[in-house]
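*Asks:* Line by line, the protein sequences are chains D and C.
So in my numbering, spot 147 of the first sequence is number 147, and the numbers just go up one at a time.
Take any residue in the second sequence, note its place counting from 1, add 296, and you have its number in my numbering.
Mixed in with the good hints, there may be bad ones.
Every beta carbon over 10 angstroms from chain D, so not counted as near; a handful from chain C, in silico [said to hold, decoys possible]: (1) Gln-367; (2) Ile-371; (3) Met-383; (4) Val-386; (5) Val-403; (6) Pro-415; (7) Lys-422; (8) Thr-499; (9) Ser-532; (10) Pro-560; (11) Trp-584; (12) Glu-698; (13) Asp-702; (14) Gly-708; (15) Ala-728.
Simulated pairs of lysine-lysine, DSS-like, Cα-Cα distance not exceeding 25 angstroms [said to hold, decoys possible]: (16) C:Lys-487 x D:Lys-258; (17) D:Lys-116 x C:Lys-380; (18) C:Lys-461 x D:Lys-45.
No wet-lab data here; the hints were simulated from the structure.
All figures in this text were calculated on a predicted structure; none of them were measured in a lab.
We treat Cβ as the ideally placed atom computed from N, Cα and C, and that holds for glycine.
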Amino acid sequence: MAALRANNWRGYLFVAPATLYLALFAFFPMVFAGYMSLHRWHLLKEDHPFVGLANFTTILADPFFRNAIYNTLIYVAFSVPLGVVTSLAVAALVAQRLRGVGVFRTLYYIPAIGSKVAISMVWIWILLPEVGLINASLKWLGGEGTTNFLAEPGWAMAALVAMSLGIGLGPRMIIFLAGIQSVPQTYYEAAALDGCTAWKRFRHVTLPLLAPTTLFVVITTTIASFQLFTEVYMMTRGGPRRTTDVVLYHIYKEAWQKFEVGMASAMSYVLFAMILIVALLQFRIMRRGLGEGATA
Amino acid sequence: MRVVRMRAVRLILGSVAVVSLVGGCADDEQAVTTVLRVANWGGAQVESEFMRLERTIWEEFETTHPGVRVQVEQIPGRGQYAPKLLMMHVAGSVPDVIQLDASSAAVFIDNGVLLDLAPFVERDQKQKEFDLGNYFVKVLDVARRGDAIYTIPLDFTPMVMYYNKKLFDEAGVAYPQPGWSWDDFLETAGKLTVFPEGTRSPTRYGMFFENVMPFWVLWLWTNGGDVLSPDGKRASGYFDGPKSVEALEFLVDLMTKQRVVPHPRESSAAGVDLFRSGRAAMDLKGHWKMIDYGADGMDFGVVGLPTNGVERVTVVYASGLSVARRAKHPELAWGYIKHMTSFGVQVRRVASGLAISGNKAAAAHFAGTPVEDAFLEEVQYARPPWGATVERYPFIEELGREMMEDILYSDGELSVEEALRQTAKLIDAALAEP
């Protein structure tokens, strides 16, 4: 025991860099933002009067902030399930032992290595009316091809969701792929002997054993979706008619156009609370699912 | 072991080589003792020839100031320039010289980010080294507060109406003349629009339109309307006043009813600048556009803005140079500003067509062409932009952009009057926040 304890300092040494980094660049800013959120804090003004929870009551009563929350929830509600299902499907496909499957794995991963700004620029072109890839294709198929996706309320959010499927596909697919490949072959063989079809093997062997992986993917995807910003900043600037004004973009405007960093911090805390609650809920629901999966 | 030693030897040799290289440089030139940090918003979009010229100009300053190196920090990007500089100011790492856009000057001036240049000016005027009288008063006044002077003008532009002579000639329409009215404008735009039977939208428009509030705010002004009250404290009664409502209704009708100006839906479908590509005959823009049109070889003219029963009016969008209050080398920064705004430098810098020099002699140097004279004639009618005095104005411009989008994409559901009324309230709220 004594020897073990004597060795501990080495362990602390090993975790020190990561801990320091987190403390300095994550925990301290978080605590400080909490402090700022309780003050009327203009970036350039000298005095920062304490206002208690006034910032929170103001923003929660603000129809534009509530609109931003609503938009964010819509985005999460569509992009997370669709994103998880498509990446699981793609992972199941590229898990097949086929010749040249590596090429597809690489292709599907490529969007993830590009800069989001660059990808947003490409999507602006894809979504252009008349000359964009989608509209030009529609025209070729006999449609009108004049929909300005990023300028029509409704379509803009749909476009952002569609885009998220491509961008997030790679990393999610890789994680699912690793999960699928770690399922012991013997289970499949046993299922095959019992006369299971491919779909049934997937449904009753792969899916339950993949539950922990799915939980991880769902939660990380959810967190990322709540933090949607780059695409909105590059492509829609919250428009048309504020239908893509999501919380993080709203925070950005509050902090960097109005310089009200106290108010922006309060908004950040609301976003933080939203993510926390949703993630905890998912954890609970899926853990129940996990238990079933293990006994099934 | 031997491998390790070999590596060590190589490393040492390598560093010796590097050190001697650095030493060589120091011998050739003067040892750099002072770094003057200069911030501007240039970026990759600036043509390389202009960049080369800028570098030459900086090098000249370095030659006349031995031991000084000019370190230019370019912060490109829509809306990121002011936030980044303000953050640098808060963090205590702000550059010495700040290039300031009049449209977002207030937030810098009124929060103590900049140094009052009046003492430098006074001292150097006594020694006949500097003369404030060399600069356009209109531009200088944009960044003054009482006796305090916060920027020395670099260059500027009034907003004007460009017109494509070829398209006018083809349509047999006379070129617009200074002092023209909105009625003249509407008639002209109508004659220039080509809207063939059976097509859904015109193939050629009278005027181009982009939803950029610094551009379209001029329609309010030329009708006697405005965004804010004269003291800049509220928008109700002004932005939603009858003159402003009438102005924006006129502008929106040009797109939705008269169809002589492209709705953004139509112009974004084309994906290009419709004026530049010859599909619109007029465009309300500033001097900077001459770089593109010149390169295209377009035959264009320039005229003041049409007005509706009021005095001729336009805006002066300007850039100037300021010294940061927290500058490490204020004296040197002031010297740099004198260099950059001098006749010799300005004459070369604005030759690209970028803008009108803030230095009167340099501006006069380019006078004598119809286009340049038309620009210079507008200076007397120019007002400073609201952003020079109202801190939140860039945010207000964002509200304005969103409002215009709301109006245009609601397809008549949201009336101009109602939109202006709602937005005026939002602006009031933004201005009321302490």
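*Asks:* Indicate, hint by hint, whether the structure satisfies it.
*Replies:* Verification of the hints:
The Cβ of C:Gln-367 sits about 25 angstroms from the closest Cβ of chain D, beyond the 10 angstroms cut-off, so the non-interface label holds. No Cβ of chain D comes within 10 angstroms of the Cβ of C:Ile-371; the nearest lies about 13 angstroms off, and the non-interface call holds. Its closest Cβ contact with chain D, about 8 angstroms, brings C:Met-383 to no more than 10 angstroms, contrary to its assignment away from the interface. In this structure C:Val-386 is not separated from chain D by more than 10 angstroms, as the shortest Cβ-Cβ distance comes to only about 6 angstroms.
Annotated as non-interface, C:Val-403 brings its C-beta within 10 angstroms of a C-beta of chain D; the closest such distance is 7 angstroms. Non-interface status of C:Pro-415 relative to chain D is upheld: no Cβ of that chain comes within 10 angstroms, the nearest being about 23 angstroms off. Under the 10 angstroms C-beta cut-off, the non-interface status given to C:Lys-422 relative to chain D holds; the minimum distance is some 34 angstroms. Against chain D, the non-interface label of C:Thr-499 holds: every CB pair exceeds 10 angstroms, the least being about 13 angstroms.
Residue-level check passed: C:Ser-532 sits 18 angstroms from the nearest beta carbon of chain D, beyond 10 angstroms. Against chain D, the non-interface label of C:Pro-560 is violated: not every CB pair exceeds 10 angstroms, the least being about 7 angstroms. Even its closest Cβ contact with chain D, about 22 angstroms, leaves C:Trp-584 beyond 10 angstroms, as expected for a residue assigned away from the interface. Against chain D, the non-interface label of C:Glu-698 is violated: not every CB pair exceeds 10 angstroms, the least being about 6 angstroms.
Under the 10 angstroms C-beta cut-off, the non-interface status given to C:Asp-702 relative to chain D is violated; the minimum distance is some 5 angstroms. At the 10 angstroms boundary, the C-beta of C:Gly-708 stays outside the reach of chain D, the nearest C-beta of that chain being 14 angstroms off. Every Cβ of chain D is farther than 10 angstroms from the Cβ of C:Ala-728; the closest lies at roughly 12 angstroms, confirming the non-interface assignment. Annotation: proposed proximity of C:Lys-487 to D:Lys-258 is violated, straight-line Cα distance about 44 angstroms (limit 25 angstroms).
The straight-line distance between the Cα atoms of D:Lys-116 and C:Lys-380 is roughly 21 angstroms, inside the 25 angstroms bound, and the hint therefore holds. At most 25 angstroms may separate the alpha-carbon atoms for a hinted pair to count; C:Lys-461 and D:Lys-45 exceed this at roughly 51 angstroms.
When held up to the earlier numbered hints, the structure conflicts with 3, 4, 5, 10, 12, 13, 16, 18 and fits the remainder.
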